[in-house]
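A.B. asks: Sequence:
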Amino acid sequence: MKTKCIIVDDEPIAIKVIKNHLANFSDVEIVAECKNAMQAFDALKQKKIDLMFLDIQMPHITGLDFLKSLSAPPDVIITTAYRNFAVESYEFEVIDYLLKPIAIERFIKAMDRYFQKNRHEHVVSAQPAGITEDSFLYIRENKKMRKVPQQDILYIESFREYCKIHTTDGSIRTRTALSKVEEKLPEGQFLRIHKSFIVATRHIVSFNASGVWIGDTELPIGRSYKNSVQKILPLEEGRK
1 MKTKCIIVDD
11 EPIAIKVIKN
21 HLANFSDVEI
31 VAECKNAMQA
41 FDALKQKKID
51 LMFLDIQMPH
61 ITGLDFLKSL
71 SAPPDVIITT
81 AYRNFAVESY
91 EFEVIDYLLK
101 PIAIERFIKA
111 MDRYFQKNRH
121 EHVVSAQPAG
131 ITEDSFLYIR
141 ENKKMRKVPQ
151 QDILYIESFR
161 EYCKIHTTDG
171 SIRTRTALSK
181 VEEKLPEGQF
191 LRIHKSFIVA
201 TRHIVSFNAS
211 GVWIGDTELP
221 IGRSYKNSVQ
231 KILPLEEGRK
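Its first residue numbered 1, the sequence shown is counted upward by one per residue in this note's numbering.
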């Protein structure tokens with residue numbers, strides 16, 4: 001299900017920037033663009049909105065005064081050129097406070113906060129404990145951010161400055177160091193077995209002291225990783 005978004009800003013350039021950033025997210029849909037709070041109020045009455053990008057300084061009524069008037073506002077990411085409203089805005093439990101001009105890296109961080117906040121609302125009981133429908137990584141591929149469900153990742157392979165993420169639906173190549181991808185992975189569900197490989201423990205079908213198998217693919221266990229792997233996999237038993 002796509003996240004329904006609304007952009008509330010009286011500056012066309014600011015709206016364009018947010019739209020361009022959101023174009024990187026395939027699971028997000030912009031359902032309304034509003035130049036002031038009254039247009040936004042009408043949109044909120046007519047449509048189900050999950051996330052609102054809200055400017056502060058607008059004609060007639062400010063963004064924060066607009067928030068005060070709403071009994072049940074959607075999640076909000078503030079987008080403004082002014083720093084001095086940050087403390088006040090967090091009283092409304094906003095997701096994030098973005099200063100214009102908004103860099104794509106900072107925008108991605110705000111979106112990640114939104115998805116992390118809402119992931120608990122979509123628990124799938126048929127999946128292993130700790131895995132939810134919204135447990136995923138955002139991976140940059142071909143100048144776009146691609147959503148990759150963690151449960152679909154088989155293993156991740158390093159090619160110096162590149163990584164190839166092998167999934168149940170094919171592979172994804174991204175210009176990211178393996179260590180950077182590893183930082184985003186949940187502990188206990190993925191295991192570094194080699195300087196060039198990280199595997200999803202749920203997809204290991206067999207193993208021994210020298211390697212693990214993901215389906216029919218054998219991946220080596222590096223010498224320097226054997227002690228850490230041994231804590232998760234009983235390698236001596238696997239050798240028999």
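Don't take each hint at face value.
What the hints assert, rightly or not - Simulated crosslink set (BS3-like; lysine-lysine; CA at most 25 Å straight-line): (1) K147 with K4; (2) K109 with K180; (3) K117 with K164; (4) K2 with K231.
Just so you know, these hints were derived from the structure itself, not from any lab.
If you're wondering where the values come from, they're calculated on a predicted model, not measured in any experiment.
A.B. asks: Holds or violated: are the alpha carbons of K2 and K231 at most 25 Å from each other?
C.D. replies: Distance of about 39 Å is beyond 25 Å: violated.
A.B. asks: CA of K109 to CA of K180, is that 25 Å or under?
C.D. replies: holds (14 Å)
A.B. asks: Is the Cα-Cα distance between K117 and K164 25 Å or less?
C.D. replies: Roughly 28 Å between the alpha carbons, so the hint for K117 and K164 is violated.
A.B. asks: Please verify whether K147 and K4 have alpha carbons no more than 25 Å apart.
C.D. replies: holds (16 Å)
Figure legend: structure checked against the earlier numbered hints; hints not met, in rising order: 3 and 4.
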